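Undergrad: Chain by chain, the residues run as shown.
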Amino acid sequence: MAGGCSREAGLSRETSVRYLVGRLAWALLILLGTSAITFAIVFLVPGDPARVVAGPRADAETIATVRRELGLDRPVAVQYGWYLRRLVRGDLGRSYTTRQPVTELLRRRLPATATLACAGLAVAIVVGVGGALVTAALAGGWIDRVAFLGSLALLSTPVFWLGMLALYYVAFRWRLLPLGGAGGIRHLVLPALVLGLGTGAYYARLLHTNLVAVLGLDYIRAARARGVGTVRLVAVHALRNASLPLITVVGLDLAALMNGVVLTETVFHWPGLGRLAFDAVLGLDVPVIMGTVLLSATLVVLTNVAVDLIYRLVDPRIRLR
Amino acid sequence: MAKRGARGTLAAGLLMAAVLVAAALAGPVVAPYDPTVSAAPQLAEPMPPAAPFYLGTDDLGRDVLSRLLHGARISLLVGVVAMAVTVTIGTGVGLTAGYFGGAVDVLLMRCTDVMLAFPGLLLAVALVAVLRPSVWTIFVVIGLVSWTGVARVIRSEVLSLRERDFVLAARALGAGHARVLVRHVLPNTAPTIAVIAALSTSGTILLDTGLSFLGLGVPPPTPTWGRMIQEATTYYRVAPWLMLFPGLAVLFAVLTFNLIAYGLTRGGRAPAT
Amino acid sequence: MRRRRVRQRAPAAFASIPRTAASNSGPGGRLGARLIVLALALATTIPACFRGDRLEWPPRPRGEWRGGVLRLAAREDVPTLDPALGYDTRSWFFEQHLFETLVTYDDENALVPALAERWEVASDLRRYRFHLVPGVVFSDGSPLTAADIVGSLERVLDPRTRSQGAEYYRGIRGARDFIAGRTAQVAGLAAPDATTLTVELDAPDPLFLHKLALMFAAVVPATLARALGDDFASRPVGSGPFVLREWRRGERIVLARNPRYRRPGLPYLDGVVELVSVNDELAWLMFESGELDVAGIPPADFPAVKRDPGRAGQLLHATTLTTAYIGLNCEMPPLDDRRVRQAFNYAVSKTDLIALLAGRAVPARGIVPPNLPAYRSDVDGYPHDPARARALLAEAGRGDGFATELWTQGSDLDLKLAQKVQQDLARVGVTLAIKQVAWSAFLEAIRQPRTVPVFDLGWSADFPDPSNFLDVLFHSRQRDANNHTFYASAELDRLLDRARGLADRAERYRLYAEAERVLVEDAPVIFLYHPITYVIRHPRVHGYRIHALLPARLTEVWVDPDT
Chain A
0 MAGGCSREAG LSRETSVRYL VGRLAWALLI LLGTSAITFA IVFLVPGDPA
50 RVVAGPRADA ETIATVRREL GLDRPVAVQY GWYLRRLVRG DLGRSYTTRQ
100 PVTELLRRRL PATATLACAG LAVAIVVGVG GALVTAALAG GWIDRVAFLG
150 SLALLSTPVF WLGMLALYYV AFRWRLLPLG GAGGIRHLVL PALVLGLGTG
200 AYYARLLHTN LVAVLGLDYI RAARARGVGT VRLVAVHALR NASLPLITVV
250 GLDLAALMNG VVLTETVFHW PGLGRLAFDA VLGLDVPVIM GTVLLSATLV
300 VLTNVAVDLI YRLVDPRIRL R
Chain B
0 MAKRGARGTL AAGLLMAAVL VAAALAGPVV APYDPTVSAA PQLAEPMPPA
50 APFYLGTDDL GRDVLSRLLH GARISLLVGV VAMAVTVTIG TGVGLTAGYF
100 GGAVDVLLMR CTDVMLAFPG LLLAVALVAV LRPSVWTIFV VIGLVSWTGV
150 ARVIRSEVLS LRERDFVLAA RALGAGHARV LVRHVLPNTA PTIAVIAALS
200 TSGTILLDTG LSFLGLGVPP PTPTWGRMIQ EATTYYRVAP WLMLFPGLAV
250 LFAVLTFNLI AYGLTRGGRA PAT
Chain C
0 MRRRRVRQRA PAAFASIPRT AASNSGPGGR LGARLIVLAL ALATTIPACF
50 RGDRLEWPPR PRGEWRGGVL RLAAREDVPT LDPALGYDTR SWFFEQHLFE
100 TLVTYDDENA LVPALAERWE VASDLRRYRF HLVPGVVFSD GSPLTAADIV
150 GSLERVLDPR TRSQGAEYYR GIRGARDFIA GRTAQVAGLA APDATTLTVE
200 LDAPDPLFLH KLALMFAAVV PATLARALGD DFASRPVGSG PFVLREWRRG
250 ERIVLARNPR YRRPGLPYLD GVVELVSVND ELAWLMFESG ELDVAGIPPA
300 DFPAVKRDPG RAGQLLHATT LTTAYIGLNC EMPPLDDRRV RQAFNYAVSK
350 TDLIALLAGR AVPARGIVPP NLPAYRSDVD GYPHDPARAR ALLAEAGRGD
400 GFATELWTQG SDLDLKLAQK VQQDLARVGV TLAIKQVAWS AFLEAIRQPR
450 TVPVFDLGWS ADFPDPSNFL DVLFHSRQRD ANNHTFYASA ELDRLLDRAR
500 GLADRAERYR LYAEAERVLV EDAPVIFLYH PITYVIRHPR VHGYRIHALL
550 PARLTEVWVD PDT
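Chains as they are written, first to last, in numbering that gives the first Met the number 0: chain A, 0 to 320; chain B, 0 to 272; chain C, 0 to 562.
Just so you know, these hints were derived from the structure itself, not from any lab. Keep in mind the model is a prediction, meaning the values are calculated, not measured. Note that the Cβ used here is the ideal one computed from N, Cα and C, for glycine as well. All the given hints hold, so there is nothing to weed out.
Derived DEER-like restraints, expressed as beta-carbon distance ranges:
no., chain 1, residue 1, chain 2, residue 2, range
1, C, A121, A, R106, 49 to 57 Å
2, A, L19, C, R159, 47 to 55 Å
3, C, S233, B, G101, 49 to 57 Å
4, B, P47, C, E394, 43 to 51 Å
5, B, Q41, C, A393, 28 to 36 Å
6, A, G183, C, R544, 32 to 40 Å
7, C, E245, A, R144, 54 to 62 Å
8, C, M331, B, Q41, 34 to 42 Å
9, C, K305, A, A35, 52 to 60 Å
10, C, M331, B, N187, 53 to 61 Å
11, A, R106, C, D411, 27 to 35 Å
12, A, T64, C, T182, 17 to 25 Å
Kindly generate the complete structure, drawing on both the sequences and the hints.
TA: Here's what the structure looks like:
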């Protein structure tokens, strides 16, 4: 086995590098596509961006000057080229409302969203794994049915409504936690819980199904025959196998998580990217909207690549398409 | 046991769907008040549930129950039509990619990957904001944002179906691609499509509610449930019923379609790919 | 969208997993991989959780003393601190504490000296001479001279600054040449010595002094502002009572006392801290728990607070010099018929709208707010009379009703009021659809002729003069600027033109009163209400007053922590 392992290890390093390069190239292509779509959307915006930047009281001459500066009189292809060139340099334009560079705005808001997203994800994993373990161990009987209905109900709840309920009862009526805004861990608890519960319910269902399937397999039954206890059985053996889909789902779910983040941030007034995007939408602050959309898409793509790599490192024998 | 449970789930889901449809059809007729007219004696102070306003009134003095019933129709309509758009686009793409394979498949899948990179709600928000909210915009935007998942599933279905005997036989007999697709492949994906349709509807309802909550849904004074929740945010501390009832309505509707979808899957009706 | 997309992958995921998972006993690596993900998640989470470091303020001395730190909160961040750029109340609130103007308003909206201790106006209202208070310095120690004022005004006029206040000073001689780039300086502005400023206008302007009270005319260190360019907005230097101590965008903005302020002993406060991105409900609850000193009152709580006799002493209110109205496009049929417009005015119940606002407004009988100094309007306005409305519509040949569209900016309040107006108009047979548009698109659209039939807007006075409403909004020449109703009346124009250059205030006001009568008769808008601002202050806050025209000034406010 030892020799086989080392040979495998040597092979895997080469294929890993090739794989990495391939994946990065693919990711770049996807990013190009997202930038094209984002750019196309900007064209759909009604109104004249030159006029918006110049202000409602500007005269025709000022507007013409602004238009020339922004390059709006050039053909589309040229504008796209300028756009890409600016993107590469990290210039996402300036906000229409505050005149600040969009990259600045995004950079300042990103940590708050990252915090919320990670905390929500952590909650989701805990709820998912915990829920699955409990229901799998107690498979059959009324707890299973209740858990099934409960998790389905959680999945069907709009996340912002859950947030408002939480705000009303936990924060306002019972005064257990603050009423929104950012600050310390106490402010993070409710939004993270709300964000993670729905996703967690989904993970629990997914994991549960796989766990039950795995628990019915031969080697598990053999282990049980050997006298291994249920808890150890479920937690150590079965979980390892069933967790593979979880990583896939967790990694690929970042886009879905971002959706929940936008709504949660609005309800709890969390100062992150979701709120930024929403406020920008209200004011039709196109550079900010597009910057946020592009940033989210980029993050999703990069996270997918990262997760694929972790996956690959973990088990080089698994071929991913 | 699983099968029996699944059948129970499906039955429950269908029953709830019947209630929803009844509310959508008969609601506006049965509703005691006009949902757009201030009926309460007092403005700016929502009234708690009490006769004659069984679910209370909102800050404009409008009856919550009537608004809820009218909302059923529009929310269901948006959910179903958007689902139709989603499933149509997604099935089209999935069928084409899975059946023809090769370069077409690669191209279509790359497009899908690009669309998948965008968080759906953000993209929908950006599009609706830019295109100005109206019922038609909502249908199209939700559909545009949601088709990717459908495409993937259909594609993997078709990939396996493509090699099956009956398809090869039909091709051997000289049937054209279109004929094979429509008469042989498509009907066999029908069970999957049924599941997807149900799941899609629950998703589109949630997405539309989210958009309405952010102020980008169907314009007022049409009472959609999402907008009712949004209007309730200012008053949730003094009038929590304003957000409670529309939220429960959404929960009911989404749960209905989720139950149907899970019932169809577990019941063994979905193909074991 | 979140759940739907993941679940649609589920059937395939379910299908493919058991086979691959079961075929290996699995190294501990997979569990490890999961733990890596979780660990990364927590690692990123924890550091970002600890924010909000405490601010240190000078300790309180013994005995008689006025000072303290005023704590406020606001929903949005401040857009800018550059007086040339700021064109909203949030920016102005801070700008007036960081900078000063030549003249300003007292509590009765009369002009009083600020940086200019006295001035002379020639009888032809074209030439002005200002004498500055001597010895004024900016907060960085550099002296404030008349040259800085010239530089500040030139900066506003400079097209590169893109200031929206440029139009107010275009009347200065040589300003147009300067804007067009033909001259390097504005000929009509001169600083004969460090404390004297002379201004010459192209035409007589009785409102020029008011224009110098606007924040656009705030004095900035001209060379420094030019050097810093766009960054001046975040690193302002002025001669006002406060300096900017810290500005964490999206979090908070902190002002500290300016030790070099020209008025001795002022300001009393050591500093002002305003938290931003705090929504109204949260701010209210923070006020209730004592974390804020002054706050607005959310609509949900207002009725209870208003009825509470114990709070009566803490509530402050002032009727603002603002008029909310619904504009009617006089060039788009059927609104081009005066009777239809009058019908609209009779159909909408203003008392209902004010009830929706929980009483925080005064019905509008005309366009000019009633508390404008010395101005007397005797228009009667339009009472709520749906029968009369229907009769007028029938007279105009629209007895069967018609459909039209209300464009609105779409804030919660706007939508609420719009829906009520919709109801009122439905009762007289007019179907009003509500169209929500983002602010910038809205502004763009109402400038286009024959595009927007009905729109929901308001106007806040720039300075306390009726011309700021009548002229700006309804003169036919303003159709490219702020006359979005495209109303054109020869009679109104005549009255306004006569009043414009008059030095005799009484005569001017008489002409404006006449003009308003004509205007209300023609009803180019639905006159709605004048909002009343309500603010609640903690008993430990002293000297806080709200102003009808300006944002609250904190120069003479102090906080007594023992109250």
